[in-house]
Amino acid sequence: MTPLATPFLPLEGNAPPTFGVGSFDSRPLFPSEAWLHGDTAHLAWTDIWVTNHILQAVIATILVIAFWLWVSHKMKIVPGKKQFVGEYLYDMLRNTVARDILGHDYKTYLPYIVSIFSFVLINNLFGQFFLFMFPTFSKIGFAWGLALLTWLLYNGAGIKKWGVLGYVKRMTVPAGVPVALLPLIIPLEILSNFIVRPITLGLRLFANLFAGHLVVLVFVLGGTYLMFVSEPIINKVAGGAAMILAFAIFALELLVAVLQAYIFTVLTAQYVSSAIAEEH
Amino acid sequence: MIPLEGTGPLGPLLPDHPSEFIVGIVLFFIILGVVWKKVVPTFEALYAARADAIRGGIERAEQAQAEAKAALEQYRAQLSTARDEASRIREDAKNAGAQIQAEMRTAATAESARIVQSGHAQVEAERAAARENLRRDVGGLATTLAEKIVGEALTDDAMSARTIDRFIADLDAAPQQA
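These protein sequence lines map, in sequence, to chains D and B.
Sequential numbering of the first sequence, starting at 0, is according to numbering that gives the first Met the number 0.
Sequential numbering of the second sequence, starting at 0, is according to numbering that gives the first Met the number 0.
What the hints contain is simulated information worked out from the structure, not anything from laboratory work.
Heads up, a few of these hints could be off.
Unchecked claim - Straight-line alpha carbon distances no greater than 25 Å define the calculated DSS-like cross-link-like pairs of lysine-lysine that follow:
{"hint": "1", "chain 1": "D", "residue 1": "160", "chain 2": "D", "residue 2": "81"}
{"hint": "2", "chain 1": "B", "residue 1": "68", "chain 2": "D", "residue 2": "81"}
{"hint": "3", "chain 1": "D", "residue 1": "106", "chain 2": "D", "residue 2": "73"}
{"hint": "4", "chain 1": "B", "residue 1": "36", "chain 2": "D", "residue 2": "75"}
{"hint": "5", "chain 1": "B", "residue 1": "37", "chain 2": "D", "residue 2": "75"}
The structure presented is a predicted model; accordingly, all values stated were derived computationally and were not measured.
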């Protein structure tokens, strides 16, 4: 069993397939000898930087940029079909997310909102897309990256508007709290606004897609094993049922993919809004 | 066999290698750059143009409405002027008619007065002529009668004297009756 085939060929031999963290490992596109022999000390840089998951993130980037350039090309006052689709998505982000949450300053943050939603959405949909069948953000490194950027964005926005001290005061001392409660409130607010927010942001995105993909693996690979490899007839029936249920799981994952992209975007806007809000 | 496994204490919660963390951030910045410099400005420019077009359309409609209103006002004013003029003309005509009527009445009255006057004068003249004739005739008749009476009864002095007296008395009375 070559490493290349590990996650995709559970049917070799008669052993039941195993799922786990290992199912999410990246594979280099051009594996070096060291990688093929499991020699982790002498890996080539391509083993780390040119992997299938990094490639699909790059493809997602190209798709996102191509989509937006395509729909914004030669725009007319009276939109055609192509422009209508583009405007529908753009308006959803612009009006429903950015303007409603951020108020009159929303245009400053609109590019970020549009970029993060489309990037996350495309990568999430890759979990259901036949070429990849793998949601990029179930690799937590990508999720942490975006969570860090959002953390920098909302803190940067707050500091730019209120200054460092003013911002920290606003974020740690809520208006109208009795002085006696401040020793309790301030640590909680620091924990909530500066530490928990980015962690939950990244973790939520990662965990939803990771778990979802794991469930898909269990249903599809497990169902296949039961149907075609294991002997008892009852197992074959159960395998067939699992395969049918896998469609429902896929539908659910499709919903999760869109929902998580939306939640990540809305929370980003929400955090920026709370950082620059006039009244805390 | 699987070298990049997340084997740290946090398991899958830490990336196998910072590569995906860094690549994710770089890729996002590439998207952000394109969206920031190209996509959002294009969309916003379009929305501004569209808002302008709509606002321009509204302004044009308002202008047309104002023009229509002005024209209506003008027509109303003209109509009112025409009505005034018609009424004035009618009034003038009425006045003129009344004047003409009055003039004609005056003229007719004068004419009738003149006709009556001339009638009176004629009647007067005829009467004067008739009286003249009558007086002359009566004088002749009286003479004739006197001759007859004188010729027949001059013998009776007393009676003829009475006859003459009576006759003269009648003559005196006659012109007063005529």
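Hints, verified against the model:
no.: 1; hint: 160(D) x 81(D); verdict: violated, 38 Å
no.: 2; hint: 68(B) x 81(D); verdict: violated, 43 Å
no.: 3; hint: 106(D) x 73(D); verdict: holds, 22 Å
no.: 4; hint: 36(B) x 75(D); verdict: holds, 19 Å
no.: 5; hint: 37(B) x 75(D); verdict: holds, 16 Å
Consistency with the previously given hints fails for numbers 1, 2, ordered from lowest to highest.
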